[in-house]
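Trainee: Following the hints, put chain B in place on chain A, whose structure we already have.
For the protein sequence lines, the chains are A and B, in the order given. Using the numbering used here, you'd call the opening residue of the first sequence number 1 and step up by one each time. Using the numbering used here, you'd call the opening residue of the second sequence number 1 and step up by one each time.
I should point out that these hints are in silico values taken from the structure, not numbers from a laboratory. Misleading hints may appear alongside valid ones.
One-sided excerpt, in silico: chain B residues whose CB lies under 8 Å from chain A [what the hints assert, rightly or not]:
{"#": "1", "residue": "THR71"}
{"#": "2", "residue": "VAL74"}
{"#": "3", "residue": "GLY173"}
{"#": "4", "residue": "VAL174"}
{"#": "5", "residue": "GLU207"}
{"#": "6", "residue": "PRO261"}
{"#": "7", "residue": "ASN264"}
{"#": "8", "residue": "ILE298"}
Far from chain A, by Cβ distances over 10 Å, these chain B residues were calculated [to be verified]:
{"#": "9", "residue": "ARG18"}
{"#": "10", "residue": "ALA34"}
{"#": "11", "residue": "THR58"}
{"#": "12", "residue": "PRO68"}
{"#": "13", "residue": "VAL82"}
{"#": "14", "residue": "ILE103"}
{"#": "15", "residue": "LEU117"}
{"#": "16", "residue": "LEU124"}
{"#": "17", "residue": "PRO135"}
{"#": "18", "residue": "VAL213"}
{"#": "19", "residue": "THR308"}
{"#": "20", "residue": "ARG310"}
{"#": "21", "residue": "ALA313"}
Glycine is no exception: its CB is placed at the ideal position from the N, C-alpha and C atoms.
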Amino acid sequence: MPGPPNRRSVLAAGLALPLAGALGACTSGGGRSTTSAGPVRITFWSALRGSQEVVDAFNRGQNRIQVVFQQIPSGGQGGYAKLSNAARAGNAPDVATIEYPQVPGFAIDGVARDITDLVSERLRNRLLPQALGLTTFAGRVFSVPLDIEPMVLHYRRDVFDQHGLAVPRTWDEFAELARTVRDRLDGPRICLFATVPSGGTHFAAFCWQAGAQWFDTGDGAWNVSLADAPTRRVAEYWQRLINDDLVISGPSEGRQNDSYIQQGRLLTRLSGAWDAGAQMKARPGQKGLWALAPLPQWDPARPALGTHGGSTFAVTKDSAHPEAAMEFIEWQVSSPDALRARLSSGTSSQYPAVPDLAEVGRAAFDRAYYAGQDIYTLFDQEAAKIRDGWIWGPRMTATLSVMQDGFARAAAGQGSLIEAVRAAQAGTMPDLAALGLATSEHTN
Amino acid sequence: MVTVASPAAVPRPAPVTRSVARRGERVACGVLMAPFFTLFVLVFLIPVGTAVWLSFFTADEPGLGFGPERTVFVGPRTYQAVLSDPTFLRGLGVVGLYCLLYIPLLVVAALGLALLLDSGAARLRSLAQFGLYLPHVVPGIIAAIIWLYLYTPGLSPVVDLLARADVTVDFLGVHTVIPAMVNIALWSNLGYNVVVFYAALQAVPREVVEAAVVDGAGPVRTALGVKTPLIRSSIVMVVLFTLIWALQLFTEPMLLSQSSPMVNSRFSPSMYIYDAAFTRNNYGLAAAASVILLACTIALSYGVTRWTNRSAAGRKATS
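Only chain A is shown next, with the shape it has when bound in the complex (with noise of 0.2 Å):
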């Protein structure tokens, strides 16, 4: 029976502990600068859930490509200012995760590479051709679409069969629903008119569908008429919702907009595919009070559709490896395997940007919140009306952020939406003239 260590061999170990650990960073510190035959290490940044769950599967599969994950802060908590300033200081990640809005100004300030002769022509032709139109600038591509995230009507089912309301199908019934359901239900409203933080981003989702084009690239030139006709019609038909008392207009994030969807006084939300997993994970006591229809149309003999939400993956301009790192990409963007995982991390009801993954996604969803409905179908349906030829402006964040300020402003009873809309546009074009942009400004 061995006797407990004595102290001299404790001694020992102690001592040549560190100095193997020494010796074993020398081995392989000397062996990294020979290696040519190991895996290439590609880093990668991203805000999304689930993204662990895929680089480890990824990392898995193959032997080649090694790819360390740093989970950052998602864009508007400080995501984009810890891209921005590694890139000024020259050392952004290989991958860099950019939500579409912000993928003309990435590519503008040089932080996202241009990658299209990197991208395959099996890629290209799996891609849904409006994601990867968003994400191409003068025919150059800048990023790979992950997700595109068409607008989606969710509704309360229950309410809806208690009163007997049917599901509006274009703008003009769901103002007229609207008005039912101020007159006969006593406190709840159709819906939300958001404002702070993000309530930009569903604006523009609606005069996207509504057919207005806030940015043009024609003739090399920045175009700008964020007030064409089509915006200044959706402007005026929430000005008078939100004049009538039919919705209620406010923060579209926080305690409040929460507790609005809790009680049920908001018994339709407007929003991207995505949020049909968010409000699962939000609020799962609501299990099967909830479904999801098309969004009302201003046609439906002509029906288009704007997004919400989405992903896109770039290259960096500091990246050492962009062939491996435009592997990931692929891999991460079209392979079922890395929808599985991500998927596996929670809840999630993403619109993957390669329409033929819908399959997996349909099969992984669980349909028992929305007592079995087969929302990928309904995704598949409305993916197939986004309007192609959208284009985001060099630098939506601010664009987007002085609209919202003039939204809250207009709730509160100050001023109106379209005028909001007509200082976003003010606000922009100092910003787009400093950078030297080719800019021509448009008011009709």
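Mentor: This is chain B only, laid out in the frame that chain A set:
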């Protein structure tokens, strides 16, 4: 700065010793001023120079901007952009309104309290001074958080109490948000300025005050007609410092912007600069806006000094 008595007044020393003394003086002068000039160059001239450079030499993104960027001389382009930005001009307007509300309130209130303390009308003078000064010790950001708590409906006991008395106040509403900020700044800075005025009042010669009393001036007359003109230079100094401080309004609106949609990310010029640099990645724009704000500050400070000097000179001439 260094005063040398006129040669006629002092006995003329031998030329050699005088030049030695001069040299010694110069060395001492240089040594004593060196720290000031080092810091002045490091934390003022170099940053200002950098800002000016950044505002004229900017990374240029021609056309759609997707090509490579070059740093070029852009002339007044960035300044034109800032000055044509309605959000920046609105910020200047906001800060102007803030100054118009805040500076008179602060000076009148601080002066009034200091005169009260000096007149002996106040009991427990040191305790009162301590109580008044205490808020100044609280860092501005903490003060803003405390007041944010007191302003936010649902959290604030004040709003709650008022609601119980059937008074609904929204401290962060469209028209109340600037007064709400003035209130925070007053709370923080009143005590400090009372101390400045009180110290100046201590230096007023007692015999002047006594003479006024003997001549039949009441306490109010003594305070306003005798003491106040005598601490004029302190008042000018306080106005000047407060103006410079107020033009850089940042902490309070930055914090309030998280809780009130009425305070946006470009509320004041300083917030505009911050937003331009760190949200919009537009360093040229931020630099130009900074230079414009600096120019406004210098011009206003100069204006205040000139105006007070002239009216002082005018008074001397008439008396």
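Trainee: So which hints don't hold here, by number, going up?
Mentor: Checked against the structure, the hints that fail are numbers 1, 5, 8, 11, 12, 13, while the rest are satisfied.
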